[in-house]
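Asks: Sequences are here, hints too, so could you generate the full structure?
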Amino acid sequence: MTTMTITPPVGDAIEPRKMVIVRGWQDHLFRALSRSGGGLVLALMGLVGLFLIIRGSSAIQVAGWSFLTTQAWDPNSHHFGIAAVLSGTVIIAVIAIVIAVPMALGTATYISEYAPAQLRRLLIGTVDLMAAIPSVVYGLWGFFFLDEAIVPIAQWISTYFGWIPIFDVPGFDPNDPLASTTVFTSSALVAGVVVSMMVAPISASVMREVFAQAPIGEREGALALGSTRWGMIRTVVYPYGLGGIIGGIMLGLGRALGETIGVYLVISQVFTINIHILHSGTNSISSLIALRYGEANPFETSALMAAGLALFIMTMAINFGASIISGRSRSGATAEA
Amino acid sequence: MSDTTIVSDPTLVSIPDANDTSTPRAAGRTFLPIREPEVAAQPTRSIGRLRREDAFRMLGAAAAGIAATAWLFTQVAPLSGVLPFILISYLFFVVFYAILVRFDESVVGVKDKLATVFFNSVAVVLLLALVDIVVFTVIKGLPAIIHLNFWTEDLTRGGPLDPLTVGGMLHAVVGTLIMITIALVIAIPLGLLCAVFLAEFPGPFSRVVRTVVEAMTALPSIVCGLFIFATWILLLGNPPSGLAAALAITIMILPIIIRSADVVLRLVPGNLKEAAAGLGASHWRTVVYVLLPSSRAGLMTAIILGTARGIGETSPILLTAGYTTFYNFNPLSGPMTSLPLATFSLVKQPSDNQIARGFGAAVVLMVLVFVLFLVARIIGGKGAGQLSRSGLRRARANSRRAAARVDRQPLVVPVSAGPDRRPGSESGAQ
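Taken in sequence, the protein lines are chains A and B. Each residue of the first sequence is one higher than the one before, counting from -11 in my numbering. Each residue of the second sequence is one higher than the one before, counting from 5 in my numbering.
To be clear, the hints were calculated from the coordinates, so they are not data collected in a lab. Hints are not guaranteed to be accurate.
[To be verified] Cβ pair distances, simulated, as ranges:
#, chain 1, residue 1, chain 2, residue 2, range
1, A, Pro286, B, Leu336, 23 to 29 Å
2, B, Leu336, A, Gln106, 50 to 56 Å
3, B, Leu239, A, Arg109, 32 to 38 Å
4, A, Gln14, B, Val142, 51 to 57 Å
5, A, Ala305, B, Trp75, 48 to 54 Å
6, A, Gln106, B, Ala279, 36 to 42 Å
7, A, Pro203, B, Asp108, 29 to 35 Å
8, B, Val371, A, Phe287, 39 to 45 Å
9, B, Leu132, A, Leu35, 41 to 47 Å
10, A, Pro203, B, Ile38, 38 to 44 Å
11, B, Arg412, A, Ala105, 46 to 52 Å
12, A, Trp53, B, Ile143, 24 to 30 Å
13, A, Trp151, B, Trp155, 51 to 57 Å
14, B, Gly274, A, Ser46, 44 to 50 Å
Beta carbons: idealized from backbone N, C-alpha and C, even for Gly.
Replies: So, in structure tokens, the structure goes:
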């Protein structure tokens, strides 16, 4: 119920008229209701965050700075840290992103620029659907198929590129025909490939949406100036969609860092920093929580909370970075009011 | 300007054709520009269709690539295997194709052709890999899902040694549906209310709420489970139950729903809301009758995508629900399992039958997500004010009825007729 009382200008001076909005009780009720809804969500989310911070920091205080440098996880003897799990998480996420980004970028470009119009709708639906497939399905594929299928590839890489430290596999002699190939299973590479398959459709879906919004006038302008299709994509579509590309990568990275089941199923957990990505054994924060929550006493739970907090802070920083970057770009400027 | 225009401007005369020495250079003289010989009409460049030369080039390069790889494998290097063969022949194909294109085109053209090849192959590889994942799951689950009992029984009698003709996954479906229903009963009203608040009452407070919600979308799903595990189960002493799992799912999907609903609500055209305000509607009526209906499709999509995410996530349930093999319709007591958790628990067991059942549960889960997704695609994907075919028909019928009513009644409304009490009208209070 909105009634506007307009006060007429006094005297000769023209002043801006004053508008007094009188609201009915329904509006006040509505305002109070939505305010309380927002407040409730804030309280709930704040509670989760605060609880995580309080419980986690009590464990971090016990461990001190060694929380960041200790590799072992033995909270009962107060000897625990996230060096191993954090490095494993980051390594898996980086492998996933390195594989997923070219795939996602290529697929998004193909769908938005190259695919025939009849095929495009189908492809968009397929990619969006793949982004919604539960992660446990990707985990199954990794555990039952990829873990074996990747062995010859990993073996080949380590044989010919073993001089690069990350591709080195200690304990495997390529000249020994009887050498066991089990050192190549359950590695960070397997987990990274599984997560990349999970992340690629999500990133591709974000990127494609932005590419499709690239202004048609500029596209036609580039083509009219004699540009090839690739030239047009490089000079119009990609600069326009840069925010979307980075946003898609960051979104994928956030998912890759937090992924639990897909990683937990395929890796064999070790509590040492393992930079040999082809060698069996790695770890991640979420797998650590999934492995250790069951037998945990209150202090161990706090320690797990601290690890979860570290993961949360990392993902949150990436998310905010993504929204800032995509908000500053041309394509993002119109989307966020 | 046609080319017969007589140029009399002296400044223009100073730029004559360099080859034409007979052009008068003295200022002030007029002359007719010499007509260029007709340029043959350039053929329209086709950037879309595959031309015949392209097809020939590709076939030739592919044949040459395969032949060269075969020669390499059999005569030169001791290589073997299908995958290396495909990879190396692909590399040869790209090289040969570039050389063939270079015969006719400039470097720019070669780059364009190579980019086309790259994007086509990347898309094919990714889509094949994704389809492979789904097909692999279905094939491994096939022994279990072809039996009718898999869809109609629980797993009480289906132990590791029992054949696949006994036991099914219905208890996990029931558990999944109960958990997601509880989660949605909390998350939908709260999420929509919060999204309306964010969209309709901008201010410092809503900025804080939006920032916190945005931050919470980054909360890893396992941490949601850990939070409920540490508070609801350890701190308050409740046993693992369907309710605990539902709460964990709620915490996970609430920020997702709010964030996407907020974006949808802010995309509602301002003139719709202004029109409502201009007709004298109050704020809350504007929200109920204009804002929410016009963004219904987008809101449904937001909810359904949040639901799909909540159904598919394993980790919050892993920590909070417990695993069972029997029906449990009571979310308040006793462990309750869900499809992803059943998949996860079954495939870890060292029994072929249980693994097949686990894959079967994954297939059931995928079917559930596919159906939800299809519903989202059918409902969603339309912007504010865009109506579906049936919606358009209804709107037309409505306006026809209104027109008939206006025709029946004279438009002269007596001033003393009193306030209009029809729903949706606010004239009564004015």
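Asks: Now tell me if each hint is right for this structure.
Replies: Consistency of the hints with the structure:
1. Pro286(A) to Leu336(B): 23 to 29 Å: Since the Cβ atoms of Pro286(A) and Leu336(B) sit about 25 Å apart, the hinted range of 23 to 29 Å holds.
2. Leu336(B) to Gln106(A): 50 to 56 Å: 52 Å, holds
3. Leu239(B) to Arg109(A): 32 to 38 Å: 50 Å, violated
4. Gln14(A) to Val142(B): 51 to 57 Å: 54 Å, holds
5. Ala305(A) to Trp75(B): 48 to 54 Å: Taking Cβ atoms as reference, Ala305(A) and Trp75(B) lie about 53 Å apart, which means the hint holds.
6. Gln106(A) to Ala279(B): 36 to 42 Å: 39 Å, holds
7. Pro203(A) to Asp108(B): 29 to 35 Å: About 32 Å separates the Cβ atoms of Pro203(A) and Asp108(B), which means 29 to 35 Å holds.
8. Val371(B) to Phe287(A): 39 to 45 Å: Holds: the Cβ-Cβ distance is about 43 Å, inside 39 to 45 Å.
9. Leu132(B) to Leu35(A): 41 to 47 Å: 45 Å, holds
10. Pro203(A) to Ile38(B): 38 to 44 Å: 41 Å, holds
11. Arg412(B) to Ala105(A): 46 to 52 Å: 48 Å, holds
12. Trp53(A) to Ile143(B): 24 to 30 Å: 51 Å, violated
13. Trp151(A) to Trp155(B): 51 to 57 Å: 54 Å, holds
14. Gly274(B) to Ser46(A): 44 to 50 Å: 49 Å, holds
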